[in-house]
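Sequence order for the protein chains is C and V.
So the first sequence is numbered by this note's numbering: it starts at 21 and just counts up by one.
So the second sequence is numbered by this note's numbering: it starts at 4 and just counts up by one.
In case anyone wonders, no lab produced these hints; they're calculated from the structure.
Any given hint could be a false lead.
Footprint (simulated), chain V over chain C, 3 or more residues, beta carbon under 8 Å [as the list claims (entries may be wrong)]:
hint: 1; region: 85-93
hint: 2; region: 156-162
With a straight-line Cα cutoff of 25 Å, these simulated SDA-like cross-link-like pairs (lysine to any residue) come out [to be verified]:
hint: 3; chain 1: C; residue 1: LYS177; chain 2: C; residue 2: LEU196
hint: 4; chain 1: C; residue 1: LYS102; chain 2: C; residue 2: LYS177
hint: 5; chain 1: C; residue 1: LYS216; chain 2: V; residue 2: GLN9
hint: 6; chain 1: V; residue 1: LYS158; chain 2: C; residue 2: HIS48
Calculated Cβ distances over 12 Å to all of chain C for the following chain V residues [claimed, not checked]:
hint: 7; residue: ARG42
hint: 8; residue: ASN116
hint: 9; residue: ALA118
hint: 10; residue: HIS139
hint: 11; residue: SER141
hint: 12; residue: TRP146
hint: 13; residue: ARG156
hint: 14; residue: LEU163
The beta carbon of each residue, even a glycine, is placed where N, CA and C say it ideally should be.
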Amino acid sequence: MTGITFLQLFLLINVFIIGALSTTAIRHAWAHFRPQKKVEKPAAQTLHLPQELKEQMLDKAQRDFEKVLTHAASELQDDLTKTATELNGQLEKLGAQVVTSETQRYQTMLESLRTQVQTVITTAQTDIQDHQTDLKTKLNEKVAAEQQRLVGQIDTKLADAVTSFLAESLQHNVDLGAQTPYMIAMLEEHKAELIKGITDES
Amino acid sequence: MKARLQLPDDVTSVQDLMTLMIEVREFTKWFSHNAILKRVGSKKKSDRPALSPGATELLHAWEKDEPLSVRRLDELTDLLNLYKNTAPTLTITLAAPPTNDIKQTLTNWCRANIAPNIMIAFGFNATILGGLVIHHKSRIFDWSFRRQLLAEREKFPEVLRRV
């Protein structure tokens, strides 16, 4: 900011100098090409110069004027050249500074963005891994539960089949005589329960 | 008030008891008629009704305390009627029609262990496979093979896996 302010001040001074020189040059040019006619005082001229002297004076004045004008133009040219050179230098410096600072800023920003992206990617990877682990656990649990359910179904159907088979095959070969001791044993075993049930119902 | 009555062993169910009561009533009628004939000195005699062994056994047991009379027979009828109305009744279902021996065995056990005047009705249902199912009013005591098979069926897969 300070550099820019200094440059602006320098440029303003240069513009002011150029303006002053231009004004001087223009005044001289104007005075040369459009000389103002002095009001002649009718009775003031008492001195009569010879024509030759007048011409010599006019030539000399013209040469002097041309000399001054050339000198001023040369100085103006030099100043303009110097100014342009300095301006180019300043602009180069300014450009270099701007480019450097912008480059640094971009680099900083890119680094920040890279860090953010890296953080986001790391977080996303962690989340994905967690989710994968969670999904694997749930899948394993579901598979185990389904397996257990199918095994249970098979066991149930198998038990039903065996029970049905036994029921179908045994009911045609009943020997009550052989069962009598078993029945008496069952009655003895459940005697208390039987008596209690009959007493409660009575 | 009334003497205890030991029912004949072959009288197990209420149906048997009602049959016995009918026989006793018939016998009472005959006995009364015969007593009247004796009282009037008539030589006419009516034939004694045929009685089942159970009825005969019952009447013999009943006349041990006091000789038979119309009053005693009426008392016996009343007592049998009382048994019919008050005796606990069980229904035992077996896997096949029971023989008399099995009926007798089960009835004796029930009368010895539960109540001396208990009545047992027998039925059969082949699907119970074996064992017995006892009904008493709303209670069911299921000690059948089928019940045990169904109760243990969860163990079949384990047994089969071991095999």
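Taking the hints in turn, this is what the structure says about them:
no., hint, verdict
1, 85-93, "violated (count 0)"
2, 156-162, "violated (count 0)"
3, C/LYS177 / C/LEU196, "30 Å, violated"
4, C/LYS102 / C/LYS177, "108 Å, violated"
5, C/LYS216 / V/GLN9, "23 Å, holds"
6, V/LYS158 / C/HIS48, "130 Å, violated"
7, ARG42, "45 Å, holds"
8, ASN116, "6 Å, violated"
9, ALA118, "8 Å, violated"
10, HIS139, "5 Å, violated"
11, SER141, "7 Å, violated"
12, TRP146, "4 Å, violated"
13, ARG156, "4 Å, violated"
14, LEU163, "7 Å, violated"
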